[in-house]
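Just so we're aligned, residue 1 is where the sequence shown starts under the numbering used here, counting upward by one.
For the record, the hints were derived by calculation from the structure and aren't laboratory data. It is possible that part of the hints are untrue.
[What the hints assert, rightly or not] In silico PhoX-like pairs for lysine-lysine, Cα to Cα no more than 25 Å straight-line:
| hint | residue 1 | residue 2 |
| --- | --- | --- |
| 1 | 72 | 144 |
| 2 | 42 | 72 |
| 3 | 138 | 42 |
| 4 | 94 | 42 |
| 5 | 36 | 138 |
| 6 | 94 | 36 |
| 7 | 94 | 69 |
| 8 | 72 | 94 |
| 9 | 94 | 138 |
| 10 | 144 | 36 |
[Claimed, not checked] Pairwise CB distance ranges (calculated):
| hint | residue 1 | residue 2 | range |
| --- | --- | --- | --- |
| 11 | 144 | 87 | 28 to 36 Å |
| 12 | 98 | 123 | 20 to 28 Å |
| 13 | 110 | 159 | 17 to 25 Å |
| 14 | 161 | 126 | 21 to 29 Å |
| 15 | 35 | 87 | 18 to 26 Å |
Heads up, the beta-carbon is just placed ideally off N, CA and C, and yes, glycines get one too.
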Amino acid sequence: MHLFQSGAIWQLIPHLFRYDYTLDEGGVEHNEETNKQSLHNKLARSGCEALACLAGFREGTPDNDGVQKSLKAMLTPYICRLMQQSEDNDRVLKVLNSNTEDPYLIWDNGIRNELLEFVEYHRTSTSNTSELFGGEFKLSAHEKELIIGDIFIRVFNEQPNFNIQER
Numbered sequence: 001m002h003l004f005q006s007g008a009i010w011q012l013i014p015h016l017f018r019y020d021y022t023l024d025e026g027g028v029e030h031n032e033e034t035n036k037q038s039l040h041n042k043l044a045r046s047g048c049e050a051l052a053c054l055a056g057f058r059e060g061t062p063d064n065d066g067v068q069k070s071l072k073a074m075l076t077p078y079i080c081r082l083m084q085q086s087e088d089n090d091r092v093l094k095v096l097n098s099n100t101e102d103p104y105l106i107w108d109n110g111i112r113n114e115l116l117e118f119v120e121y122h123r124t125s126t127s128n129t130s131e132l133f134g135g136e137f138k139l140s141a142h143e144k145e146l147i148i149g150d151i152f153i154r155v156f157n158e159q160p161n162f163n164i165q166e167r
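Construct the complete structure from the given sequences, taking the supplied hints into account.
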């Protein structure tokens, strides 16, 4: 809880968006010592794991409602479910750094930029500028969407054959 209240979330989130999934999928050998992107990917994986642990998404870590609320607001409930259901941080990071529009997630470059501007403002502020540590954040691209049970209804209507999983 102290890490969260100290603003660790503001330091960790930017690393998630420096991940490049094409580096590993390209099949070229690399390491953190000789490849800057490889180092960014390692930091992104570590940041994702740290956030999952802070939220209580990993076995043996206590649930933290404050962190979960912050992550759901900033990264969406769908991303949080991915973090919770799987320890495959690469999958989470690939989704975060891809453009997606399906009933679970509307996510693109504009949304990432809006989030990063919000995070950067709080990260560089000299005082506590967010009592809820991002829990109040609302993505402008989602404001006009009808969302029921974490499903974007407009997108679901456009993709009626999309497989919605039971929770």
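Evaluation of the provided hints:
Note on residue 72 and residue 144: the hinted pairing holds, with a Cα-Cα distance of about 18 Å set against a maximum of 25 Å. Using a Cα cut-off of 25 Å, the hinted pair residue 42 and residue 72 holds, with the two alpha carbons roughly 23 Å apart. A C-alpha spacing of about 29 Å is found between residue 138 and residue 42, which places the hinted pair above 25 Å, so the restraint is violated. Distance restraint check for residue 94 and residue 42: the Cα-Cα separation of roughly 13 Å lies within the 25 Å cut-off, and the hinted pair is therefore satisfied.
With a C-alpha separation of about 32 Å, the suggested pair residue 36 and residue 138 falls outside the 25 Å cut-off, and the hint is violated. With a C-alpha separation of about 18 Å, the suggested pairing of residue 94 with residue 36 holds against the 25 Å cut-off. For the given pair, residue 94 sits about 22 Å from residue 69 by alpha-carbon distance, which is consistent with the 25 Å threshold. Proposed proximity of residue 72 and residue 94 is supported: the alpha carbons are some 17 Å apart, at most 25 Å.
For the proposed pair residue 94 and residue 138, the alpha carbon gap of about 22 Å is at most 25 Å, so the pair holds. As the CA atoms of residue 144 and residue 36 are separated by approximately 39 Å, the hinted pair breaks the 25 Å bound. Taking the beta carbon of each, residue 144 and residue 87 are about 35 Å apart, inside 28 to 36 Å as hinted. About 24 Å separates the C-beta atoms of residue 98 and residue 123, a value consistent with the hinted range of 20 to 28 Å.
Look at residue 110 against residue 159: about 21 Å separates their beta carbons, and that is inside 17 to 25 Å. For the hinted restraint 21 to 29 Å between residue 161 and residue 126, the CB-CB distance of approximately 51 Å leaves it violated. Restraint check, residue 35 to residue 87: a C-beta distance of roughly 24 Å satisfies the suggested window 18 to 26 Å.
Comparing the model with each numbered hint stated earlier shows that hints 3, 5, 10 and 14 do not hold.
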